[in-house]
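There are 2 protein chains.
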Amino acid sequence: MKKTTNHLKVSGLVLLLAFAVTSCSEKKHEETNEPVTKSEFNLTNAKAEIEAANKEFMAFVAAGDSVGLANLYTEDAKFMSAGNPAVSGRKNIQSAMSGIIKSGITRVDLRLIDVWGTEDLLVEEGDLSLFVGDKNVSEEKYIVVWKKEEGKWKLFRDIFNSNQSAK
Amino acid sequence: MKKTTNHLKVSGLVLLLAFAVTSCSEKKHEETNEPVTKSEFNLTNAKAEIEAANKEFMAFVAAGDSVGLANLYTEDAKFMSAGNPAVSGRKNIQSAMSGIIKSGITRVDLRLIDVWGTEDLLVEEGDLSLFVGDKNVSEEKYIVVWKKEEGKWKLFRDIFNSNQSAK
Numbered sequence: 143m144k145k146t147t148n149h150l151k152v153s154g155l156v157l158l159l160a161f162a163v164t165s166c167s168e169k170k171h172e173e174t175n176e177p178v179t180k181s182e183f184n185l186t187n188a189k190a191e192i193e194a195a196n197k198e199f200m201a202f203v204a205a206g207d208s209v210g211l212a213n214l215y216t217e218d219a220k221f222m223s224a225g226n227p228a229v230s231g232r233k234n235i236q237s238a239m240s241g242i243i244k245s246g247i248t249r250v251d252l253r254l255i256d257v258w259g260t261e262d263l264l265v266e267e268g269d270l271s272l273f274v275g276d277k278n279v280s281e282e283k284y285i286v287v288w289k290k291e292e293g294k295w296k297l298f299r300d301i302f303n304s305n306q307s308a309k
Numbered sequence: 143m144k145k146t147t148n149h150l151k152v153s154g155l156v157l158l159l160a161f162a163v164t165s166c167s168e169k170k171h172e173e174t175n176e177p178v179t180k181s182e183f184n185l186t187n188a189k190a191e192i193e194a195a196n197k198e199f200m201a202f203v204a205a206g207d208s209v210g211l212a213n214l215y216t217e218d219a220k221f222m223s224a225g226n227p228a229v230s231g232r233k234n235i236q237s238a239m240s241g242i243i244k245s246g247i248t249r250v251d252l253r254l255i256d257v258w259g260t261e262d263l264l265v266e267e268g269d270l271s272l273f274v275g276d277k278n279v280s281e282e283k284y285i286v287v288w289k290k291e292e293g294k295w296k297l298f299r300d301i302f303n304s305n306q307s308a309k
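So the sequences go chain by chain: A and B. Here the first sequence is numbered in my numbering, starting from 143 and rising by one per residue. Here the second sequence is numbered in my numbering, starting from 143 and rising by one per residue.
Source of the hints: derived by calculation from the structure; they are not laboratory data. Just so you know, even glycine gets a beta-carbon here, dropped at the ideal spot from N, CA and C. Some hints here could point you the wrong way.
[Unchecked claim] One side only, chain A facing chain B, incomplete, derived with CB under 7 Å:
| hint | residue |
| --- | --- |
| 1 | ALA204 |
| 2 | GLY206 |
| 3 | GLY210 |
| 4 | SER230 |
| 5 | GLY231 |
| 6 | TRP258 |
| 7 | SER280 |
| 8 | LYS283 |
| 9 | ILE285 |
| 10 | VAL287 |
| 11 | ARG299 |
| 12 | ILE301 |
| 13 | SER307 |
[What the hints assert, rightly or not] According to the in silico footprint, chain A covers these stretches of chain B (three or more CB under 8 Å from chain A):
| hint | region |
| --- | --- |
| 14 | 200-210 |
| 15 | 260-270 |
| 16 | 273-286 |
| 17 | 291-303 |
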């Protein structure tokens, strides 16, 4: 009987050990998946967020709101405009935006083509059309590098050029 | 004596159990660090690799080698040249490069400013100067999106524009 008791104790411990090992291997499985969870960044969602930011951009151009436009850029952004040296920082970008609005641009159509990247940095490729009133004055292409600032995707680098020769 | 033997057996199992748990917690520690190892992508090394690729680019321009230049781009690259629609694919990029060489460009100076990204996608910001013989004909800025193809960083998106107005 004592042997049986000890046998039970031992069996119990073996079960406990088996449980510990199983539990360990389950933990291992969970933890192996951790980087997957980390990289479960959803590019489709991010793309939708970029599309939404682009809608805001278009609305601010239509409203002639250079402050609203500048706030869509990160504090340390660069606006790499064609025909001008790069403009650094939100304040200077606001001046550049003010200049563009004063030049008569009333509308920009941004058309996202694709996005790539991670939750830390997104690259967007797109096409854009510029309008003065109803007149399409330029067809261009662009690359925007987006970074999150205070939880919102903001333009970090913005470069574009014309599809037509200036000549 | 039998009791002692059983006691030893039980103690042994307890030790084994303790070892299993310790080993499990050590494993846990290792695995928690796994994403760190994964993200131990070295941006400084990547930057040096991009600088090396840029040197190759400059050498191919100097040699008037449009095939060499095109091979620095990914198979599915886009060359987003100022004053032209985007050119897609290595074959078309080779034609564009051939056109640039025939236009008289003998030298390009590429100056990397910064890189961002991961092992899957790098973004480079830089400045460039174009020369016809000894004459600096254009000062420009660029963004290149780099992707690895067959273990080598290649240009995936290449966009640039002039710092001077075309007027």
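A quick look at each hint next to the structure:
With a cut of 7 Å, the hint placing A:ALA204 at the interface with chain B is violated, because the nearest CB-to-CB distance is about 24 Å. With its C-beta approaching chain B no nearer than about 23 Å, A:GLY206 sits outside the 7 Å limit, and its interface hint is violated. Checking A:GLY210 against chain B by beta carbon gives a least distance of about 24 Å; that is not within 7 Å, so the hint is violated. Because the closest C-beta pair between A:SER230 and chain B is about 11 Å apart, greater than 7 Å, the hint is violated.
Contact between A:GLY231 and chain B, as hinted, is not supported at the beta carbon level, the nearest pair being about 15 Å apart and thus beyond 7 Å. Below 7 Å, beta-carbon pairs count as interface contacts, and A:TRP258 has one with chain B at about 5 Å; its hint therefore holds. With a least beta-carbon distance of about 12 Å to chain B, the hint placing A:SER280 at the interface is violated under the 7 Å criterion. This hint holds: A:LYS283 has a C-beta 5 Å from the nearest C-beta of chain B, less than the 7 Å allowed.
With a cut of 7 Å, the hint placing A:ILE285 at the interface with chain B holds, because the nearest CB-to-CB distance is about 5 Å. With a least beta-carbon distance of about 5 Å to chain B, the hint placing A:VAL287 at the interface is held under the 7 Å criterion. Taking 7 Å as the C-beta contact cut-off toward chain B, the hint placing A:ARG299 at the interface holds, the least distance being around 6 Å. Because the closest C-beta pair between A:ILE301 and chain B is about 5 Å apart, less than 7 Å, the hint holds.
Taken as an interface hint, A:SER307 checks out: its beta carbon lies about 4 Å from the nearest beta carbon of chain B, inside 7 Å. With a threshold of 8 Å between beta carbons, the proposed coverage of the region 200-210 of chain B by chain A is violated, since 0 of its residues qualify and at least three are required. Counting residues of the region 260-270 of chain B whose C-beta sits closer than 8 Å to any C-beta of chain A gives 5, which meets the bar of three, so the coverage hint holds. Look at the region 273-286 of chain B against chain A: 3 of its residues bring a Cβ nearer than 8 Å to a Cβ of that chain, three or more, so the hint holds.
Against chain A, the region 291-303 of chain B contributes 4 residues with a C-beta closer than 8 Å to a partner C-beta. That satisfies the three-residue criterion, and the hint holds.
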